[in-house]
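If you're matching positions, the sequence shown starts at 13 in our numbering and goes up one per residue.
By construction, these hints were calculated from the structure, which means they are not laboratory data.
Do not take every clue at face value.
Stated by the list, open to error - Using 20 Å as the maximum straight-line C-alpha spacing, the simulated EDC-like pairs for lysine to aspartate or glutamate come out as follows:
1) Lys-154 x Asp-92
2) Lys-47 x Asp-92
3) Lys-30 x Asp-42
4) Lys-154 x Glu-78
5) Lys-27 x Glu-78
6) Lys-56 x Glu-85
7) Lys-47 x Asp-176
8) Lys-40 x Asp-144
9) Lys-169 x Asp-144
10) Lys-55 x Asp-68
11) Lys-181 x Asp-13
12) Lys-18 x Asp-134
13) Lys-35 x Asp-176
14) Lys-181 x Glu-23
15) Lys-181 x Glu-78
16) Lys-162 x Asp-129
17) Lys-47 x Glu-23
18) Lys-73 x Asp-96
19) Lys-47 x Asp-109
20) Lys-40 x Glu-28
21) Lys-27 x Glu-17
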Amino acid sequence: DVHFEKEKIREAVRKELKEQSEKLKRRKSDLILGKLRRRSEFKKSMVLMFYIAAPDEVDTKPLLLEALREGREVVVPFIDRNTDSLIPVQIRDPETDLRPGSYGILEPKRDVICSFDLNRLDLVLVPGIAFDRWGHRLGRGKGYYDRFLKTLPPHVKSFGLAFDFQIFKLVPTNDFDASVDRVITNR
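Input sequences plus hints: build the corresponding full structure.
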């Protein structure tokens, strides 16, 4: 049963995430960001969608700030509870444009939310609980990224960011699940 398999993986990964020290998480995150920086798809992307990391996720903040300093456009997700959807929102300054949202994760303030043309995106960075080498992804179970990724124009690339223990031989999927084009890990 796919649902049962997914829950088993989520449980195992959550345990590992909880046990990973802050120092190790930082070191692995830095390695992942370094690998991402060197990818041609990242180098040539002028409009990037970052996720704002939960405490146990690969931290994208250093690269997000770097992209803004380089004059690239930065977009982050806003979770709209009313429509149960993920809305991409452009930000210019994380200090003033973000506030703590659901689950304590920073999200765009209401006054910076306006529609963003998905055709302008070059690359979307995607969090997840587990991935496999084909890009199949297991999220936290709410389906926000699954629904969002399916709306992306074909030219927009999506990269999952994950720690080594989040990579599985095969991630169980169903028709609702969306894959990423590539997974970047610290290994």
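Structure-based check of all given hints:
1. Lys-154 x Asp-92: holds, 12 Å
2. Lys-47 x Asp-92: At roughly 32 Å apart (the allowed maximum being 20 Å), Asp-92 and Lys-47 break the hint.
3. Lys-30 x Asp-42: Distance ~19 Å between Lys-30 and Asp-42 Cα, so the pair holds.
4. Lys-154 x Glu-78: It is violated: about 30 Å lies between the C-alpha atoms, which goes past 20 Å.
5. Lys-27 x Glu-78: violated, 31 Å
6. Lys-56 x Glu-85: holds, 12 Å
7. Lys-47 x Asp-176: Holds, because 13 Å separates the two Cα atoms, which is no more than 20 Å.
8. Lys-40 x Asp-144: holds, 18 Å
9. Lys-169 x Asp-144: holds, 17 Å
10. Lys-55 x Asp-68: Status violated; Cα separation ~26 Å.
11. Lys-181 x Asp-13: holds, 17 Å
12. Lys-18 x Asp-134: violated, 30 Å
13. Lys-35 x Asp-176: holds, 15 Å
14. Lys-181 x Glu-23: holds, 17 Å
15. Lys-181 x Glu-78: violated, 33 Å
16. Lys-162 x Asp-129: Satisfied, since the Cα-Cα distance of roughly 15 Å is no more than 20 Å.
17. Lys-47 x Glu-23: violated, 28 Å
18. Lys-73 x Asp-96: Since the Cα atoms of Lys-73 and Asp-96 sit roughly 25 Å apart, the hinted pair is violated (cutoff 20 Å).
19. Lys-47 x Asp-109: violated, 28 Å
20. Lys-40 x Glu-28: holds, 14 Å
21. Lys-27 x Glu-17: OK: Lys-27 and Glu-17 at ~16 Å, within 20 Å.
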